[in-house]
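Participant: Protein chains in written order, with this note's numbering: chain Y, 97 to 395; chain A, 145 to 446; chain V, 4 to 335.
Simulated from the structure, these hints should not be mistaken for laboratory data. Fair warning: there could be bad hints in the mix.
If you want a taste of the chain V side facing chain A, the calculated C-beta under 10 Å gives, among others [to be verified]:
no., residue
1, PRO128
2, PRO178
3, THR215
4, SER218
5, GLU225
6, ALA226
7, LEU227
8, THR230
9, ARG231
10, GLU233
11, GLY237
Taking CB as the label site, the calculated pair distances span [as the list claims (entries may be wrong)]:
no., chain 1, residue 1, chain 2, residue 2, range
12, V, PHE176, Y, ALA211, 56 to 66 Å
13, Y, ARG117, A, ASP247, 44 to 54 Å
14, A, SER366, Y, LEU377, 47 to 57 Å
15, Y, GLY210, A, HIS414, 22 to 32 Å
16, A, GLY340, Y, GLU269, 30 to 40 Å
17, Y, GLU269, V, ASP35, 27 to 37 Å
Computed from a predicted structure; not experimentally measured. Every residue, glycine too, gets a C-beta built ideally from N, C-alpha and C.
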Amino acid sequence: MNVHASPDPAHALTPSGNLRRRMVTSRAVVAVTVLAAALAVSVLFIIVYFVAQRGASQISVAFFIRQLPLVSYGKVTGGIGPAIAGSVEIVLLSTLIALPAGVLTAIYLTEFAGARVAAPIQTALELLAGLPTIIAGIFVAGLLVAHYGQSAYAAGLALSIVQVPLIARTSIESIRRVPASLREAADALGIARWRTITGVVLPTAAGGIVTATILAIARAAGETAPVLFTSSAFGTPYQLNPNQQVPNLPVEIYNLANSLNPTAVSDAWGAAFLLICLILLANIGARLWLRRSERKRGL
Amino acid sequence: MTSSWTSSGSSPNAAEGQRATIRPRLRLSTGVGADALTEPTCSPTPTGAQVVFRAEQLAVSYGAKRAVEDINIDIHRNEATAFIGPSGCGKTTVLRCLNRMNDSIPTFALDGKLLYHGHDLYGPHVNRVEVRRRIGMVFQKPNPFPKSIFDNVAWAPRNLGMKDDLGGRVERALRAAALWDEVKDRLRASALGLSGGQQQRLCIARAVAIEPDVLLLDEPASALDPIATASIEDLIHRLKDRYTIVIVTHNMQQAMRVADRTAFFSLDEHRVGTLIEYDRTETIFSRPADPRTRDYITGRFG
Amino acid sequence: MPVRLLSARVSSLASFPQLSNRRQLERLNRLDARAGSALRWLALFGGAAVFLALMAIVYQVISGASLALSRYGISFVGRRQWSPAVGRFGALALLYGTLVTSVCSVAVATVLGVAIGLFLSLMAPRRVAAVVGPLVEMLAAIPSVVLGLVGIYLIAPFVLNNIEAPLHSVLGFIPLFGPPGTVGNSDFTASLVLVIMVVPIIAALSRDVFLTVPSELREGAEALGATRLEVIRGAVLSTTHSGVIAACMLGFGRAIGEAIAVTQVIGNITQISHNLFAPGDTLGSLIANQFLTPVSALHTASMFYLALVLLVLELATMLLARYVSRHFGSRR
Numbered sequence: 097m098n099v100h101a102s103p104d105p106a107h108a109l110t111p112s113g114n115l116r117r118r119m120v121t122s123r124a125v126v127a128v129t130v131l132a133a134a135l136a137v138s139v140l141f142i143i144v145y146f147v148a149q150r151g152a153s154q155i156s157v158a159f160f161i162r163q164l165p166l167v168s169y170g171k172v173t174g175g176i177g178p179a180i181a182g183s184v185e186i187v188l189l190s191t192l193i194a195l196p197a198g199v200l201t202a203i204y205l206t207e208f209a210g211a212r213v214a215a216p217i218q219t220a221l222e223l224l225a226g227l228p229t230i231i232a233g234i235f236v237a238g239l240l241v242a243h244y245g246q247s248a249y250a251a252g253l254a255l256s257i258v259q260v261p262l263i264a265r266t267s268i269e270s271i272r273r274v275p276a277s278l279r280e281a282a283d284a285l286g287i288a289r290w291r292t293i294t295g296v297v298l299p300t301a302a303g304g305i306v307t308a309t310i311l312a313i314a315r316a317a318g319e320t321a322p323v324l325f326t327s328s329a330f331g332t333p334y335q336l337n338p339n340q341q342v343p344n345l346p347v348e349i350y351n352l353a354n355s356l357n358p359t360a361v362s363d364a365w366g367a368a369f370l371l372i373c374l375i376l377l378a379n380i381g382a383r384l385w386l387r388r389s390e391r392k393r394g395l
Numbered sequence: 145m146t147s148s149w150t151s152s153g154s155s156p157n158a159a160e161g162q163r164a165t166i167r168p169r170l171r172l173s174t175g176v177g178a179d180a181l182t183e184p185t186c187s188p189t190p191t192g193a194q195v196v197f198r199a200e201q202l203a204v205s206y207g208a209k210r211a212v213e214d215i216n217i218d219i220h221r222n223e224a225t226a227f228i229g230p231s232g233c234g235k236t237t238v239l240r241c242l243n244r245m246n247d248s249i250p251t252f253a254l255d256g257k258l259l260y261h262g263h264d265l266y267g268p269h270v271n272r273v274e275v276r277r278r279i280g281m282v283f284q285k286p287n288p289f290p291k292s293i294f295d296n297v298a299w300a301p302r303n304l305g306m307k308d309d310l311g312g313r314v315e316r317a318l319r320a321a322a323l324w325d326e327v328k329d330r331l332r333a334s335a336l337g338l339s340g341g342q343q344q345r346l347c348i349a350r351a352v353a354i355e356p357d358v359l360l361l362d363e364p365a366s367a368l369d370p371i372a373t374a375s376i377e378d379l380i381h382r383l384k385d386r387y388t389i390v391i392v393t394h395n396m397q398q399a400m401r402v403a404d405r406t407a408f409f410s411l412d413e414h415r416v417g418t419l420i421e422y423d424r425t426e427t428i429f430s431r432p433a434d435p436r437t438r439d440y441i442t443g444r445f446g
Numbered sequence: 004m005p006v007r008l009l010s011a012r013v014s015s016l017a018s019f020p021q022l023s024n025r026r027q028l029e030r031l032n033r034l035d036a037r038a039g040s041a042l043r044w045l046a047l048f049g050g051a052a053v054f055l056a057l058m059a060i061v062y063q064v065i066s067g068a069s070l071a072l073s074r075y076g077i078s079f080v081g082r083r084q085w086s087p088a089v090g091r092f093g094a095l096a097l098l099y100g101t102l103v104t105s106v107c108s109v110a111v112a113t114v115l116g117v118a119i120g121l122f123l124s125l126m127a128p129r130r131v132a133a134v135v136g137p138l139v140e141m142l143a144a145i146p147s148v149v150l151g152l153v154g155i156y157l158i159a160p161f162v163l164n165n166i167e168a169p170l171h172s173v174l175g176f177i178p179l180f181g182p183p184g185t186v187g188n189s190d191f192t193a194s195l196v197l198v199i200m201v202v203p204i205i206a207a208l209s210r211d212v213f214l215t216v217p218s219e220l221r222e223g224a225e226a227l228g229a230t231r232l233e234v235i236r237g238a239v240l241s242t243t244h245s246g247v248i249a250a251c252m253l254g255f256g257r258a259i260g261e262a263i264a265v266t267q268v269i270g271n272i273t274q275i276s277h278n279l280f281a282p283g284d285t286l287g288s289l290i291a292n293q294f295l296t297p298v299s300a301l302h303t304a305s306m307f308y309l310a311l312v313l314l315v316l317e318l319a320t321m322l323l324a325r326y327v328s329r330h331f332g333s334r335r
């Protein structure tokens, strides 16, 4: 006689047998997943809160424009103007390299490459995506800085190594999502391949590519390791000559944070607040942009 | 060998059966209004068979869109009931209501009453897991787990703590699903290596391994070839003694072959799925009361 | 509406340009052929640049390390001492620090990340997941230097006072929980910072893997009277474990490669200590800390050698993750 035979149909539909115990375990695990997600979200808010609490009071027009005092901080608060300008410059240089390289790679992999050629490039792209950023820095340090000294160009090149896989990957995804029917329609009309790519495929995938570029810019703006050895100017006045090292936000924060001077540390919080605001806004903006462009395409 | 399964499975003795027969009916009599019995096209003659499911003015909506409405039906114990009708008329929706598989759809909403042995299936204290433990389901597409054949069948009994004689239980389930002879030498092989028909019978074995009360079959043979279909139909015939079976099918001959009763679903004047006619299978196919049923049946057969 | 928009785009291409005679058509065909092959070569150039960049990185790191390579050979990896002042270099202590911090952080991050992945893919209502998912991903967008700043001034003191000191006083007999340092810079703090960086990666990747589980499989398990946990174990994890393992390995790859945030909180003392609360150093953190102030050519070359060790470790991890996810993928 089996003790586990079907429950009596007359029994109410409440847990029978070992179900009560199983429900407890199951609910406990569900609770753990909820707690884990809540923990991650609260860590994000705690970090943003602390940075804002310590950094927001620093924010002023003067802070954005002035430069850091060269020698001793004393009681004089500095500013991060030169670092903002320098960051804009090196990220611009980096994006000028990475955007065409990333999009061209994506076009090659999706439109032209045969399986045999695509495989090594695809693998290289994946490996580059996981490359420690400090190695991008040390690579350019050995390649350029050892011979020509630090420069905005070197920093831009190092950052572009971080950006290319980000842009290429998302571009590949959004190009692959261009409906095949559209491409076939163009082929059926006898339109040349390059016209289809530039006139139909790329404009349709543009939403994804723009999103990827914004995210890549946000990422590059916050990267320290690639620029630490390639453009480590710190506390210098405005300097935009790309042949020389330029000050920039991440290196500024890195150095200010390591100094023991309280004034410098509060400047670090101010710069960190600015950086985190820009990056989070770029992230939110990129997501909204993507959603909007996908809705427009009916995807 | 199948007899060993049925004998151990249909263990409730006469007294228990008697009690189970009476209790729900008493409850029903208090809850059911007269209108359910006066529904014209629905004349399930209560011949003393026990009612497993009773739907009263059942309606289902997804968001603002109504999918089915006006469903009144009694489904009887140890019978096979077939749901037939054109596609998109809500057969599967109603079937999935019977073991609350629609709950995971966020916009799903149910109106009316759905009783299982007199219990409100959508009542406040109903445990969904318990519902599905009693009311098993086999899907249109065979969906074995990527585990061994043995583990596929043993998985649910293990969860339920049915650990005594697990090997015997798996064997009985596989025999009940008429699969034992084909797989007894390779129980440790992956279930994904089986043919489509074998996979579907494995899914049936998986469902009967925990000895549910009801088996819901959602077009179980639609993805299979004729030979596999025949063996599944054969199986349904044999499982009927032990289980209450509800089967959705788009194949009318299949309904004629396996079902004791047949429910014909179609779209009503608002283009919402509804139950048109429900009767004994031979009545539905020989002298349907509703012209729409007749059109559908004759349309198919020429 | 969007379809019409797109087909308008196609037909505008077709109507351009107006062809009036045969010569124009020939010229157009020639132009098309030339532009087509130009685009093809340009795209090939972009693809080749990616491949060559990786080759160049490997080459440059090896050639930068040549002095140390010829001096120490492979024994560099097994040498424990790193003393620029006396000109002795070895990778062992840094390799140890890297592995300790990465393994500890990935162990914790796996539990949290997989739990979050499950929450986002299977538990949360769609609207909740649409908000929480991006928030978790944004945690990964916080720059490491900002996380390091938070690490120095908030996490390290907090960890010192609330975790390291109490744990040491209660469980001090366990070697792992030795005496903490003075400011909270330690392998433990570094691991904690790494957890924050790795969790969003494992969460996002494992969520994507869980979303690939066909709903029929989950429904099949549900229809057998399985609880949520049983559905997850039987139908979800059993079909996706290789993807989850790959996700964790990619998280590990991120952890070993992080230099800046780690160097800010680990204390930068090159030593092998069983004490998690003692300061340490990793491959990346040492390079970040010393590369700009080398004391000798051998010092610089040795740091390139460390980068080479890190690169090999990273590439091996990435390739293994790829292999696992492709070859042990669900057999469906």
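Participant: Can the suggested window of 56 to 66 Å be confirmed for the beta-carbon pair V:PHE176 and Y:ALA211?
Facilitator: holds, 59 Å
Participant: Looking only at beta-carbon atoms, does the pair Y:GLY210, A:HIS414 fall within the given range of 22 to 32 Å?
Facilitator: Check failed, 55 Å falls outside 22 to 32 Å.
Participant: Using the nearest Cβ pair, does V:GLU225 come within less than 10 Å of chain A?
Facilitator: V:GLU225 check passes; min Cβ-Cβ to chain A is 6 Å, inside 10 Å.
Participant: Have a go at the V:LEU227 hint: is there a Cβ in chain A nearer than 10 Å to its own Cβ?
Facilitator: holds, 4 Å
Participant: Do the beta carbons of A:GLY340 and Y:GLU269 sit within 30 to 40 Å of each other?
Facilitator: holds, 33 Å
Participant: How does the Cβ-Cβ distance of Y:ARG117 and A:ASP247 compare with 44 to 54 Å: does it lie in that range?
Facilitator: violated, 22 Å
Participant: Would the hint on V:PRO128 be counted as holding, given a Cβ-Cβ threshold of 10 Å to chain A?
Facilitator: holds, 7 Å
Participant: With a cut-off of 10 Å, does the beta carbon of V:GLY237 approach a beta carbon of chain A closely enough for the hint to hold?
Facilitator: holds, 6 Å
Participant: Taking the beta carbons of Y:GLU269 and V:ASP35, is their distance inside 27 to 37 Å?
Facilitator: Between Y:GLU269 and V:ASP35, where Cβ atoms are some 28 Å apart, the hint holds.
Participant: Quick check on V:ARG231 please, does its C-beta sit within 10 Å of some C-beta on chain A?
Facilitator: Status holds, d = 8 Å.
Participant: Can the hint on V:SER218 be confirmed by a CB-to-CB distance to chain A that is less than 10 Å?
Facilitator: holds, 8 Å
Participant: Just to be careful: measuring from the Cβ of V:ALA226 to every Cβ in chain A, is the smallest value less than 10 Å?
Facilitator: For V:ALA226, the interface hint holds, since the closest Cβ of chain A sits about 4 Å away, which is under 10 Å.
Hint violations for this structure: numbers 2, 3, 13, 15, all remaining hints satisfied.
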